[in-house]
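We have chain A; now place chain B onto it with these hints.
Residue numbers (our numbering), protein chains in the order written: chain A, 659 to 962; chain B, 9 to 495.
It should be emphasised that the hints constitute simulated quantities derived from the structure, not laboratory data. The reader is advised that the hints may include incorrect statements.
Unchecked claim - Only part of the chain A face toward chain B is listed, based on derived beta-carbon distances under 7 angstroms:
(1) Arg722
(2) Gly724
(3) Pro725
(4) Glu728
(5) Asp769
(6) Leu774
(7) Asn776
(8) Cys859
(9) Met904
(10) Gly906
(11) Phe933
(12) Leu935
(13) Thr942
(14) Arg944
(15) Gln948
Only a predicted model underlies this, so the values are computations on that prediction, with no experimental measurement involved. Built from N, CA and C at the ideal position, the CB exists for glycine as well.
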Amino acid sequence: MIDLVPTPAERDNVSLSQTASAPFGREIHHVVARAQLSPNVTRLIVEAPRIAAIRQPGQFVIVRRGPGAERIPLTIADADAVAGTISLVIQAIGASTSELCALALGEVITDIAGPLGNPTELLETGHAVCVGGGVGTAVVLPIAQALAARGVKVTSVIGGRAREWVICEQELAVCGQVVVCTDDGSYGRHGFVTDALRDLCEAGGVDGVYAVGPVPMMRACAELTRPYGIKTTVSLNSIMIDGTGMCGGCRVSVDGKTQYACVDGPEFDGHTVDFKLLADRLNTYREFEQASLAAWQAAHGEAL
Amino acid sequence: MEDLTTLAGRAASEREPMPKKERMGIGRNGMLEQEPLVRAHNFAEVNLGYTEQLALMEADRCLQCPRPYCIEGCPVAVNIPNFIRLLSEGNVKGAADSLLSDNALPCVTGRVCPQESQCELVCLRGKTGAPVAIGHLERYVADWALNNRGAFSAIKPTPSGRSVAIVGSGPAGLTAAGELIKRGHQVTIFEAFHAPGGVLIYGIPEFRLPKDIVQKEVDRLVADGVVIEPSTIIGKTYTLPELKSHFDAVFVAVGAGLPVFMNVPGENLKGVYSANEYLTRVNLMGAYRAGSATPVLHGQRVAVVGGGNVAMDSVRTALRLGAQEAIIVYRRSLDELPARKEEVHHAQAEGVRFELLTAPTEVLGDEKGWVSGLRCLRMELGEPDASGRRRPVEIPGSDFTFPADMVVAAIGTKSNPLLTASAPGLAVNEWGYIATDENLATSMDGVFAGGDIVRGAATVILAMGDGKKAARSIDAYLRGGSTAASA
Chain A
659 MIDLVPTPAE
669 RDNVSLSQTA
679 SAPFGREIHH
689 VVARAQLSPN
699 VTRLIVEAPR
709 IAAIRQPGQF
719 VIVRRGPGAE
729 RIPLTIADAD
739 AVAGTISLVI
749 QAIGASTSEL
759 CALALGEVIT
769 DIAGPLGNPT
779 ELLETGHAVC
789 VGGGVGTAVV
799 LPIAQALAAR
809 GVKVTSVIGG
819 RAREWVICEQ
829 ELAVCGQVVV
839 CTDDGSYGRH
849 GFVTDALRDL
859 CEAGGVDGVY
869 AVGPVPMMRA
879 CAELTRPYGI
889 KTTVSLNSIM
899 IDGTGMCGGC
909 RVSVDGKTQY
919 ACVDGPEFDG
929 HTVDFKLLAD
939 RLNTYREFEQ
949 ASLAAWQAAH
959 GEAL
Chain B
9 MEDLTTLAGR
19 AASEREPMPK
29 KERMGIGRNG
39 MLEQEPLVRA
49 HNFAEVNLGY
59 TEQLALMEAD
69 RCLQCPRPYC
79 IEGCPVAVNI
89 PNFIRLLSEG
99 NVKGAADSLL
109 SDNALPCVTG
119 RVCPQESQCE
129 LVCLRGKTGA
139 PVAIGHLERY
149 VADWALNNRG
159 AFSAIKPTPS
169 GRSVAIVGSG
179 PAGLTAAGEL
189 IKRGHQVTIF
199 EAFHAPGGVL
209 IYGIPEFRLP
219 KDIVQKEVDR
229 LVADGVVIEP
239 STIIGKTYTL
249 PELKSHFDAV
259 FVAVGAGLPV
269 FMNVPGENLK
279 GVYSANEYLT
289 RVNLMGAYRA
299 GSATPVLHGQ
309 RVAVVGGGNV
319 AMDSVRTALR
329 LGAQEAIIVY
339 RRSLDELPAR
349 KEEVHHAQAE
359 GVRFELLTAP
369 TEVLGDEKGW
379 VSGLRCLRME
389 LGEPDASGRR
399 RPVEIPGSDF
409 TFPADMVVAA
419 IGTKSNPLLT
429 ASAPGLAVNE
439 WGYIATDENL
449 ATSMDGVFAG
459 GDIVRGAATV
469 ILAMGDGKKA
479 ARSIDAYLRG
489 GSTAASA
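Same shape as in the complex, but just chain A (with noise of 0.2 angstroms):
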């Protein structure tokens, strides 16, 4: 869990080695290894070599699971640089996500092409809070280990409904204090992780947040460190196809001006987000989700 994040020298010596055998060519992105973290939320170990040594936390890939599927913009969990693979975890919450997380050992996903977005700005000292809630927890965790492999004091705050919603907690325990919330009380402290945070920060000495979940949690957690003036980023999941700017599906307001989630983000300062339009925005496409997904799961014996 030390060092996810490949040093210059270690970028360079991959790429070389790479370019050795096979420049710039073709790689079959294998499932190598899976595991369901929650009952809707699985994690895939993929090969991707070149995305694996180069990606910085905060960035992101598309993902197309084969022909015909639809692209899907996800955030990229982990990375081994030296097994050349990449961690997704992924919700299944539309029909394309319930087939991702079906796939088996040993399947190919077609397309990953990253890694895009821009990296996270990660404090240089102090004391940062990362804040994740349900499958959000994912993508904090690589902002989580660089900034403990920097040095950074680092305590995670992570949530779920209940207790078998809540993902991540071991690999968090690595990189600091780990604060388990429960909506039901479950496990870990009874509420939401904006009742701990709201404490950490009454303590002091919080130097930054970062915090990654659905959108009301999000917004909680900006308007709860906004009176204390604590810079608060946010990661945000808008709807993309091309994850290069080409699109404008992602666009964001931020800061009363419209912003590519994609290229100008993922990451933005959570006091100057649009959380109502992002909201909004995310809903598009509701009744067709949940429609493919209701076909899905009729066609695969499964319900959640």
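Leaving out everything else, chain B in the frame of chain A:
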């Protein structure tokens, strides 16, 4: 129909040149096309092309001018009279050889070129009547070649031992690839999307340019030895300097990229698309098909803002996806519409409504964040602007609104900094487009650029012209002993 048999019915193999006077007597032949009200509800190609008889009859209309202006009118300088003469002699294979030696993607240009403002504009026949239907003939010959691949032997150039990386597989990149592979260079194309073709695949709809035709054009290049690496984003997966250190030369043809929105309130409401997003969902991702994994909104009253080919493609797509009303909102008049004339005529015939001299001022929304209408101002034409077109001027107090549940912004694109940001040594102009000299060489040694990322949003054929020119410059560079970084 009797005319067909008398004029063009001679067996193709025994055709003699026709006297000029007889040629002058033949009127321009249109292509067969799907009925407007049928095609407005399907995605099949609108134009059905020429029959052999129609093609031969149209070929006979060409006067074989001693000084053919049409060649000068063509951005890739196709030897038009030559291929038409070969066709009229009944030698369609010879015509195809001639055409393909000048133009790497004739099936594409025969369908999407604005011939009326290029080759056909200067055709002598146009002085006294209708010009030769050069585009229709190009399409006929090109389609014949595509359907008779066996008649053509694979190219076997002497390997040069040099390699070229091409960034982007749109019209400029594909054209350059075709030219460079013919000259014996190794060619690798890097494409950001999962499928090659660029705007030919994601932008231009099936009903205007069938995707299997683009695929076959790409297949022809691959058969000739071009390597295509999809899902590889130069500027992200690899940087331009990295490419340059491994290839002897690089051609950057990434297209213009970022969509421009109207800059009016409400344009982030649900139901407002850029034309790029709308067309990509429909074309590249196949969202027009039932059961598609990728969704697209099916607007019932769709307003498309803009007057170019992309606007026409968007509005006609909306019609095909079931819109009760599909409306073009354009701030100038019919005469200034930048789209190909044929597209405008097709759109009108299919029932598209044109709100001309109209500019949107606000996208209206409902309480759930969905588009509910468009507020507009009427315009009148004032003095000519820098482009020579009369500038639209607002008519005060002419505000009006109309209901709409979807809005598509098709008002252009601007440069995408993704690649240029990864190459600090690459000079760009004030708008972010790559600066080149007249040979399309950039400020980086061995790196050339062309198409929309150099000239701003333009046409397929101008991009192809750049691809051809860049290939010539790259070939000269590679053979000129001037060494690239990896030599």
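*So which of those numbered hints doesn't the model satisfy?*
2, 3, 7, 8, 11, 14, 15
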